[in-house]
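Peer 1: From just these sequences and the hints, can you work out the full model?
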Amino acid sequence: MFDEQPFCCHGCKTVFQILNEKKLDKYYDIQPMSGIKVERTDAGDKYEYLDNEEILADLLDFSDGGISKIKLFVPGIHCASCIWLLENLYTLNTGILQSFVNFPKKTINITFKDQEVSLREIVELLASIHYAPEITLDQLDKQEGTNHEKDLLIKIGIAGFSLLNVMLYNFPEYLPGGDQLEEVFVKVFGWMSFILALPVVFYSAADYYLSAFKGLKHKIINIDLPITLGIFTLFAQSTYDILSGSGIGYLDSLVGLVFFLLIGKWYQGMTYQALSFERDYKSYFPVAVSKTDGAKTESVPIKNLLVGDRIVIRNHELIPCDAKLLKGKANIDYSFVTGESMPVNKKTGEIIFAGGRQAGSSIELEIIKTVEQSYLTQLWNQDNNKKDTSTKLNSAINKISEYFTAIILLIAFGSGLYWLIFDSRLAIYAFTSVLIIACPCALALTVPFTFGSTLRVFGRKGFYLKNTDIIEHLYKTNHIVFDKTGTLTINSKVKTQFKGDTLSEEEKRIIKSVCSHSSHPLSIAIANSIKNTQLKETHNFLEIPAMGISANVDGKKVNIGSRKFILGKEETETSSTNVYVLIHDKVVGHYKIENVYREGLQDVINNFKKKYKLYLLSGDNDSEKDNLTKIFGKNAKLLFNQSPTDKKEFIKQINNNEANHVLMIGDGLNDAGALMESEVGLTVADDIFSFSPACEGIIESSKFKNLYEFVNFTKVSMKIIKISFLISFLYNAVGIFIAVQGILSPIVAAILMPLSSISVVAFATLSIKIISKRELS
Amino acid sequence: MSVVIILIIIGIIVAGGFLAGFIWAVKSGQYDDTYSPAVRMLFDDSKEKTENTPVSSDDSESKTK
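Top line first, the protein sequences correspond to chains Y and P. Residues in the first sequence are numbered consecutively from 9, following the numbering used here. Residues in the second sequence are numbered consecutively from -9, following the numbering used here.
These are computed hints drawn from the structure, not numbers from a lab. All of these numbers come straight from a predicted model, not from anything done at the bench. Even for Gly, the Cβ is constructed at its ideal location relative to N, Cα and C. Among the hints, erroneous ones may be present.
Stated by the list, open to error - The list that follows gives simulated cross-link-like pairs (lysine-lysine, DSS-like), each with its CA atoms no further than 25 Å apart:
no. : chain 1 : residue 1 : chain 2 : residue 2
1   : Y       : K621      : Y       : K638
2   : P       : K17       : Y       : K273
3   : Y       : K79       : P       : K17
4   : Y       : K633      : Y       : K621
5   : Y       : K337      : Y       : K377
6   : P       : K17       : Y       : K77
7   : Y       : K577      : Y       : K507
8   : Y       : K594      : Y       : K577
9   : Y       : K723      : Y       : K619
10  : Y       : K273      : Y       : K377
11  : Y       : K727      : Y       : K777
12  : Y       : K638      : Y       : K507
13  : Y       : K113      : P       : K17
14  : Y       : K565      : Y       : K600
15  : P       : K17       : Y       : K158
Stated by the list, open to error - Covered by chain Y, according to a simulated footprint, are these stretches of chain P (three or more residues, beta-carbon under 8 Å):
no. : stretch
16  : -7 to 7
17  : 12 to 18
18  : 21 to 30
Said to hold, decoys possible - Every beta carbon over 10 Å from chain P, so not counted as near; a handful from chain Y, in silico:
no. : residue
19  : K79
20  : Q123
21  : N173
22  : S254
23  : V315
24  : G357
25  : I552
26  : N614
27  : F771
Peer 2: Now the structure itself:
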């Protein structure tokens, strides 16, 4: 909020500030960018590691002659204003020569003079204008995406080029009297078409042969096999026609077919470039930590850490490997690892597992296991037994194509044999005609276009899938497993309720004043629940780990904390978290703090309950069991105190039955193993660009209430696919009816084949569009 | 007849030129990001009028090419 106007992001706000001030400033053209407000947030030593030569060399894309280039991932890139601001970086720091934003990938390429400005300064500058880049470990093992997409575009370009030209040469054939074309033209046009078709057959369509061959090797008849058969027969027949001078062939149909197929592939291959579905611990961990030898500290890459090294972890820093606490008060927040939102206190000498975040003052640790061998990293790395889903992919279409191929071959041989007996001149022609016309182009386009459209519709509604295959897997699921913390509940929100004597305004102010001194989530929750804004002065503030806080306000002693801290008795209540308040030697009551469930949870569960077997796996204790039983009903299985390994094993158990297909919905790293093990793993994320564990799909947390509609919509998609199959079969039936009679002419092929493809594609995309408008809110 | 042949040859050369252009465009990464250039185009316009910055973006752009 600025000037009482809401902004979509900090970028817009900054740009607005600039423009706003410029408007008031008459001399804006004398001093450009005078109004920019660079908030000098003190990043401290957070980016100190960027001064380390070794890390720098790994991060920089290019560095020579004083000029360096780097590509940074900036999740904060949000809108057009962000591009404007980020591309004007050079006005903020003259050492920066150029910054170039790639919006879909949310990256920024910066070229800078490394003598004038260091990478650390650039990153700190970015952070200060609220575009903190994400620099993580997996960036160091740099791997540029393959040029697969570019290849596909070039293949489409070549196919399109050939298609238009070949159609031009074949055009006379389409017109009445085309058969009276001069001999020379037939020859020239034929040869030209042949030359133009060569790159299409041998380059553009090559992937289909490879896929068909791979399928045969695994004894699977996939849809690419009849396509390959069709392409080869078309090409052989046309080549024969052209060489023998008997005609111009079917090359227009052939090239058109390949072109449409490639378009389908391209449409299906649309991905969310800025989203990452395959993250592992590497993208969660920092690049470097501060190592100390007692006297001085320096930043070292975490891959160089050895057992026995001593490291310093500051407030909000992540612990990269299992370590022993040497010094300081450890207050470790494992919320992303275990789902537990309350920080854990550790005493000197205790072992701290990797993945936690320190909250509070700096601590010193001694490493007992390297990063790769730490407990959690090991857990996440057990992905080698991840089911090979690719063999099951497109099972519906592959099953059909198995029968399809067999039937087509049968008809082709049958008609060939028939004509061999009755009119042997037509035998080979009838045989090839059947294979040509039956080429399942429309069939092959159905799935990419239906699922491609579904994927796009989902994406617009805040549900992002890794690829189109996931839709079919989602359709098949019959068991749904939920994680609790962060998935069903909102991590950042709790419900606070005061039980006891009614608090006076004065008392509320005292409580808020004391609580606002502590960074403990419970203190924050209580402080936030009190609306009063005036704070009182507090003295002698003391935070006792695992107990509570204490301070003097207006000469009164105030203690806030656990039952044990205030009353000296162990907590007996397990159904909620209670915080007791003692003001001036009098216990005034306690705050009851409960999780807040996501909006619409009850509806989502009610809908799922009818058709799916539901489970809940929670890493927490069973304090919420009664509440959850009410929501989930009696048939659901609710399990508590589940470790990450337990969760994974549980999914494995369900998977033991072949008929079971598991959809797992989780959020944190503690679910990573389970998400991997399940057939479809969904992550609920508040910010879809921030870190999420490896999964098949990401759903915006605000769209969680629509989850049932999304899952249910996959059924619509499958229905549309089935209808499209039917349509393309009808076309095939008509085509084959003509082909078996041995009267298929190039013109019939040239009309029938594109027509079937286009009508199927139109049907699939339009119906998804129309139905999604009705079904998905 | 010869006219048609010549036309066809010219046609294929022109179309081939476009194909070459397309392949070049793909290879030089112009299809990597189809959103930001559209927005960036609008920025450049206003920049010329209101700014006289030490390093103009046009200069640095041509340097990297």
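Peer 1: Hints first: check each against the structure and report whether it holds.
Peer 2: For each hint, the structure was consulted:
no., hint, in the structure
1, Y:K621 with Y:K638, "holds, 16 Å"
2, P:K17 with Y:K273, "holds, 19 Å"
3, Y:K79 with P:K17, "holds, 19 Å"
4, Y:K633 with Y:K621, "holds, 18 Å"
5, Y:K337 with Y:K377, "holds, 21 Å"
6, P:K17 with Y:K77, "holds, 21 Å"
7, Y:K577 with Y:K507, "holds, 18 Å"
8, Y:K594 with Y:K577, "holds, 16 Å"
9, Y:K723 with Y:K619, "holds, 13 Å"
10, Y:K273 with Y:K377, "violated, 46 Å"
11, Y:K727 with Y:K777, "holds, 14 Å"
12, Y:K638 with Y:K507, "holds, 24 Å"
13, Y:K113 with P:K17, "holds, 18 Å"
14, Y:K565 with Y:K600, "holds, 22 Å"
15, P:K17 with Y:K158, "holds, 7 Å"
16, -7 to 7, "holds (count 7)"
17, 12 to 18, "holds (count 4)"
18, 21 to 30, "holds (count 8)"
19, K79, "holds, 12 Å"
20, Q123, "holds, 15 Å"
21, N173, "violated, 6 Å"
22, S254, "holds, 21 Å"
23, V315, "holds, 43 Å"
24, G357, "holds, 53 Å"
25, I552, "holds, 53 Å"
26, N614, "holds, 40 Å"
27, F771, "holds, 27 Å"
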